[in-house]
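Q: So the sequences go chain by chain: R and D. The first sequence begins at 1 in my numbering and counts up by one. The second sequence begins at 1001 in my numbering and counts up by one.
Simulated from the structure, these hints should not be mistaken for laboratory data. Computed from a predicted structure; not experimentally measured. Virtual Cβ for every residue (Gly too), placed ideally from N, Cα, C. Be aware that one or more of the hints could be misleading.
Reference listing, derived: stretches of chain D covered by chain R, where coverage requires no fewer than 3 residues with Cβ under 8 Å from a Cβ of chain R [claimed, not checked]:
1. 1026-1036
2. 1082-1091
3. 1107-1113
4. 1130-1138
5. 1151-1161
Protein chains: 2
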Amino acid sequence: MFQDKLSACAELIQAHFDHVIGALPDLPVTQAMAHATQGGKRLRGFLVLQSATLHDIGSDKAIWPATGIEALHAYSLVHDDLPCMDDDDMRRGQPTVHVKWDEATAVLAGDALQSLAFELVTHPNAGTAQTRADLALSLAIASGAQGMVLGQALDIAAETAEEPLTLEEIQALQRGKTGALIEWSACAGARLAEADTTALQGYARDLGLAFQIADDVLDVEGDAATVGKAVRKDATAGKATFVSLLGLDAAKRRASDLVDSAISYLDMYGTPADALRDTARFVISRQN
Amino acid sequence: MFQDKLSACAELIQAHFDHVIGALPDLPVTQAMAHATQGGKRLRGFLVLQSATLHDIGSDKAIWPATGIEALHAYSLVHDDLPCMDDDDMRRGQPTVHVKWDEATAVLAGDALQSLAFELVTHPNAGTAQTRADLALSLAIASGAQGMVLGQALDIAAETAEEPLTLEEIQALQRGKTGALIEWSACAGARLAEADTTALQGYARDLGLAFQIADDVLDVEGDAATVGKAVRKDATAGKATFVSLLGLDAAKRRASDLVDSAISYLDMYGTPADALRDTARFVISRQN
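Just chain R, same shape as in the assembly (with noise of 0.2 Å):
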């Protein structure tokens, strides 16, 4: 069952987690850092694991940057509650950093976990030099001002606009704040085998608009108890959507024919490579 492998994955990175943040030093920042680094889906995490399945690469090896890609997601979502940012006060059914402990924690716990993400991957169990290099310099390129960094910054320009965005313009939006981590994971197996990486990345490029959308259609659909954190937020804020451009029914029906897309690209895997297909239906059905 799809569920059970994804469980199965959240159960090692939270192992790999405790074992790493626990060997930190006791303080309120080390403690907001674990706390931030619990619970939530681990789909970037099982994007990495299963990608390295894929390329004859163990667990032993990709829990590395599966555990990485998940403490980076992490300081994004820390950052992004903060006040000054989204001002969330519930993340997976949780108190946030920041009202749990305070705005200072919460900018050094993220800014820490970027700091971790990077030793993650670069760790000398994570691979041969060339490909822990490489898997940082992605990561890199992935979550600074060219990525996810510049996603943020689109859809905060965006707010204070005169003109709603475009379709367009949404979707470059969304292919940096969350298409580009997403992209990354699914690319880390082949780049730990040190082979190509077109298939996985033309497969993460669907599944990350689709993904996007359901976020989307869960703001409007969802109940904060079963998300875990704040909806109706996006049509409170008068933000233009895929929903609020594209309206529900074609909304989903375009996050359905991207999964359909995604799939696509695995061909040349076979069989072993479900799990990823199973990731992409996945994705458009879950509920938080």
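Could you slot chain D onto chain R? The hints should help.
A: Coordinates of chain D only, in the frame set by chain R:
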């Protein structure tokens, strides 16, 4: 002349920043990144370039980690200056990022500068896969919750502690807060050459401590216009510093002894290490 060498290095690093940040999309966040990486002594970058020269590594390679460590230093200043942290309005004689733009831009620009630091140290032109992976791993450890962020966290904890810090605690705090990056910088040249870092590590530990004592002295003796940031902050906050614990004269003597000790580690390098000797003398004579 030492000052000429330092200025030439600062220009080299600035040109590299212009090249790298100039290639990013033009947005408030990237403008803020450019702003935050202007000016400063470039002491950390200078240590990288000089320790590289000692090991026969040219500036074509070493400019990457030299600019990388300055990007990391710049990120730490942008986040340190935030209202929820030190709440500073001026830095290097210019308005801080959250004053010139806003807090969200400061958070994001700092985040992207950290990513940029790792992008620069792992750039294919920065060295072999082995040295790039090694530089990234050591930088991640130096900047995270075992290094710089740990120092910051201890600093924040000290503000609300009932007892003022002891000299030993201040030293531990400083070793994280400024020492870790100075150590990384001085060792980078040896790392680029896959050479032993022991001597440079000894040099950097004493240098880093002397640097922090000099900073505490400047906070007491300097004026804001020359120092380029607010002064008398420590005394106003009732903060224990090397000066408050040792007294001004003893603190200056301690810094001077540390400089002698730092220099003694460089004997094996002969005259090519003269610039590093000058650097040690410079850190306790500087006015900003």
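Q: Hint by hint, say whether it matches the structure.
A: Cross-check of the supplied hints:
Counting residues of the region 1026-1036 of chain D whose C-beta sits closer than 8 Å to any C-beta of chain R gives 5, which meets the bar of three, so the coverage hint holds. Given a C-beta distance limit of less than 8 Å, the hint that chain R covers the region 1082-1091 of chain D holds, as 3 residues qualify and 3 suffice. Counting residues of the region 1107-1113 of chain D whose beta-carbon sits less than 8 Å from any beta-carbon of chain R gives 5, enough to reach three: the coverage restraint holds. Counting residues of the region 1130-1138 of chain D whose CB lies closer than 8 Å to any CB of chain R gives 6, so the stated coverage by that chain holds, three being the minimum.
Coverage of the region 1151-1161 of chain D by chain R holds [criterion: at least 3 residues with CB-CB distance below 8 Å; count 5].
Violated hints are absent here; each numbered hint is respected by the structure.
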